[in-house]
Amino acid sequence: MTQLPAAHSKADPYQIPTPTANSASKAMLLTVQQLQKDYQTRQGTFTAFTDINLQIHAGEVVCLLGASGCGKSSLLLTIAGLQSANQGEIFLQGDRLNVPHPQIGLVFQQAALLPWLTVWQNIAFGLQLKQMSQLSRSEVRSRISAAISSVHLQGFERAYPHQLSGGMAQRVALARSLARQPKLLLLDEPFSALDAITRLEMQKLLLAVIQQHHSTVLLVTHDIDEALLLGDRVLLMSRHPGRIHREWIVSQPKPRFQHAHLLTELRLEIFTELSTLISPDL
Amino acid sequence: MAQSLPATAIRPLRVPLPLWGLAIGALVWWIFTTPLWYSDPIRVDFSPERTFVALVQLLSTGAIVPHVIDSLRRVLVGLLAAIAIGVPLGILLGLSRPLDQATSALFQFIRMISPLSWMPIAVMVLGIGDLPVYFLLTIAAVWSLILNTSAGVAAVDRRWLLLSKSLCATQWETISRVIIPAIIPHLLTGVRLAIGIIWIVLVPAEMLGVSAGLGYYILDTRDRLAYSELMAVILIIGTIGYCLDTSLRVAYRRWAHQR
Ligand SMILES: Nc1ncnc2c1ncn2[C@@H]1O[C@H](COP(=O)(O)OP(=O)(O)O)[C@@H](O)[C@H]1O
Ligand SMILES: [Mg+2]
Numbered sequence: 618m619t620q621l622p623a624a625h626s627k628a629d630p631y632q633i634p635t636p637t638a639n640s641a642s643k644a645m646l647l648t649v650q651q652l653q654k655d656y657q658t659r660q661g662t663f664t665a666f667t668d669i670n671l672q673i674h675a676g677e678v679v680c681l682l683g684a685s686g687c688g689k690s691s692l693l694l695t696i697a698g699l700q701s702a703n704q705g706e707i708f709l710q711g712d713r714l715n716v717p718h719p720q721i722g723l724v725f726q727q728a729a730l731l732p733w734l735t736v737w738q739n740i741a742f743g744l745q746l747k748q749m750s751q752l753s754r755s756e757v758r759s760r761i762s763a764a765i766s767s768v769h770l771q772g773f774e775r776a777y778p779h780q781l782s783g784g785m786a787q788r789v790a791l792a793r794s795l796a797r798q799p800k801l802l803l804l805d806e807p808f809s810a811l812d813a814i815t816r817l818e819m820q821k822l823l824l825a826v827i828q829q830h831h832s833t834v835l836l837v838t839h840d841i842d843e844a845l846l847l848g849d850r851v852l853l854m855s856r857h858p859g860r861i862h863r864e865w866i867v868s869q870p871k872p873r874f875q876h877a878h879l880l881t882e883l884r885l886e887i888f889t890e891l892s893t894l895i896s897p898d899l
Numbered sequence: 054m055a056q057s058l059p060a061t062a063i064r065p066l067r068v069p070l071p072l073w074g075l076a077i078g079a080l081v082w083w084i085f086t087t088p089l090w091y092s093d094p095i096r097v098d099f100s101p102e103r104t105f106v107a108l109v110q111l112l113s114t115g116a117i118v119p120h121v122i123d124s125l126r127r128v129l130v131g132l133l134a135a136i137a138i139g140v141p142l143g144i145l146l147g148l149s150r151p152l153d154q155a156t157s158a159l160f161q162f163i164r165m166i167s168p169l170s171w172m173p174i175a176v177m178v179l180g181i182g183d184l185p186v187y188f189l190l191t192i193a194a195v196w197s198l199i200l201n202t203s204a205g206v207a208a209v210d211r212r213w214l215l216l217s218k219s220l221c222a223t224q225w226e227t228i229s230r231v232i233i234p235a236i237i238p239h240l241l242t243g244v245r246l247a248i249g250i251i252w253i254v255l256v257p258a259e260m261l262g263v264s265a266g267l268g269y270y271i272l273d274t275r276d277r278l279a280y281s282e283l284m285a286v287i288l289i290i291g292t293i294g295y296c297l298d299t300s301l302r303v304a305y306r307r308w309a310h311q312r
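Which chain is which? The protein sequence lines are A and B, in order.
Numbering follows my numbering, in which position 25 of the first sequence is assigned residue number 642; successive positions increment by one, without gaps.
Numbering follows my numbering, in which position 133 of the second sequence is assigned residue number 186; successive positions increment by one, without gaps.
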């Protein structure tokens, strides 16, 4: 395989038909329509992103790529229901979303572990809330141990967050989300605070976790390689305000770590697009 | 060569600095009161020698024990009442900016009134006995708890709140499982300050028509002209206060280390 027939691009994302909340969009796990978020600042109204249309199938891994400050985190927080949109709508399997949904898991750039709880207790935290009260004790326990083993943290159940490395802390955060068995996993630059080698390790681990759990993932990143290694689709975001500028489908089978050279052409294309996007005149 | 000796070489001979301070304090006390060169009977009654004898007597007969227990009971009741009022109020103020702003001037105003100025009012309203003492101790201690708690809530990591919200936690779950554990260090600081204030206010408050307690005992020794006993009680008051403060400092450090 020397060619890359797998990768093709849609030059104009605006021609994607606008979905409506009908039966067709119910087949989608996540549908985002015409979403816009404005922040009120001292300088006036600032639009973080606008005109966002997005559809994610169950089992798909979509990577949202963009320069920092282009509104990726804002978009993710809005989809997670942590802040309200100024325009547009979000549907999870056809149901409108505007508050946090228990079936959506969120992992931040920082692990945000509670320092007074052990690894085990941190993961249990998300399962012991009233929201999850239908779970029996034994089910909670088995879910936690399953989550711990899928992020390879056996033996660290009783460790406290300050005893963990950055990568391990991020794995706990991932396990905390996984244990709730979310339909959709939102990851906001989960590995960008880690060193290159740990990051690669974590990307491999995430890929294994995604395949094991058949997760649907929306991964925000500013790392082209991460997007190419993990994504089924790569969305490139422009800024001021943030919009989805272009989309590529990466259909090369995963894992792609051993065959990264097959991605060079696509990588260059995205790179060129990104660099014209951030400074079109230079 | 003396100057080339490393500093650690002479360490084992050193007395810890805090002990030096105590020793010098005791020495000054002794110099100004000792019967060795003073003959004034009242002055020498305050001397370390006489105080020590009185202290041994107080402790061996157990005469002081009920007074210590009474005082500690009042400290405990005052502290618990101050916690019961101050912590929920502090959490409320920390969570609600408008409420915090609405009450800040009022609270700063009341806080600046010496708790002892409430004494006449306390007696008028609550009569004589334990109740006005509890009231004075509570009102003296509640401010440090309110202020430390609300400062603690304001300093809770925003990411933890965001996390809690993203996990669909209820308001109460966020308070009980994120905010309260997160503010424990602030709470311990507040409790420590509160105990310090309570212990200081306790003695004058116990001069308020109660018939037991360390403050009462001070007045009693004065009336009996038993000055060496008075000094012994002062030593006991200082020691207990020091121990209370130290135990809270240790608790604070334990908690801070654990994280
Ligand atoms: N709460 C907020 N209030 C005002 N401006 C914000 C807020 N959050 C983010 N922004 C602004 O919105 C823009 C996008 O931020 P963000 O979504 O964090 O970008 P990214 O995650 O892509 O780096 C930035 O310019 C940022 O300053
Ligand atoms: Mg971001």
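No wet-lab data here; the hints were simulated from the structure.
Hints are supplied without guarantee of correctness; some may be wrong.
[As the list claims (entries may be wrong)] Here are the simulated DSSO-like cross-link-like pairs (lysine-lysine), alpha carbons at most 27 Å apart as the crow flies: (1) A:Lys747 <-> A:Lys800; (2) A:Lys800 <-> A:Lys871; (3) A:Lys871 <-> A:Lys821; (4) A:Lys747 <-> B:Lys218; (5) A:Lys871 <-> B:Lys218; (6) A:Lys821 <-> A:Lys800.
What you are looking at is a predicted structure, and each value in this text was computed from that prediction instead of being measured.
Evaluated hints:
1. Proximity of Lys747 (chain A) to Lys800 (chain A) is assessed by CA-CA distance (about 19 Å); at most 27 Å being required, the pair is judged to hold.
2. Between Lys800 (chain A) and Lys871 (chain A) the CA atoms are separated by roughly 21 Å; this keeps the pair inside 27 Å, and the hint holds.
3. Proposed proximity of Lys871 (chain A) and Lys821 (chain A) is supported: the alpha carbons are some 10 Å apart, at most 27 Å.
4. For the hint pairing Lys747 (chain A) with Lys218 (chain B), the CA-to-CA distance comes to about 13 Å; that is within 27 Å, so the pair holds.
5. Among the hinted pairs, Lys871 (chain A) with Lys218 (chain B) is inconsistent with the structure: their alpha-carbon atoms are about 34 Å apart, more than 27 Å.
6. Taking the CA atoms of Lys821 (chain A) and Lys800 (chain A), the gap is about 21 Å. The hint holds against a cut of 27 Å.
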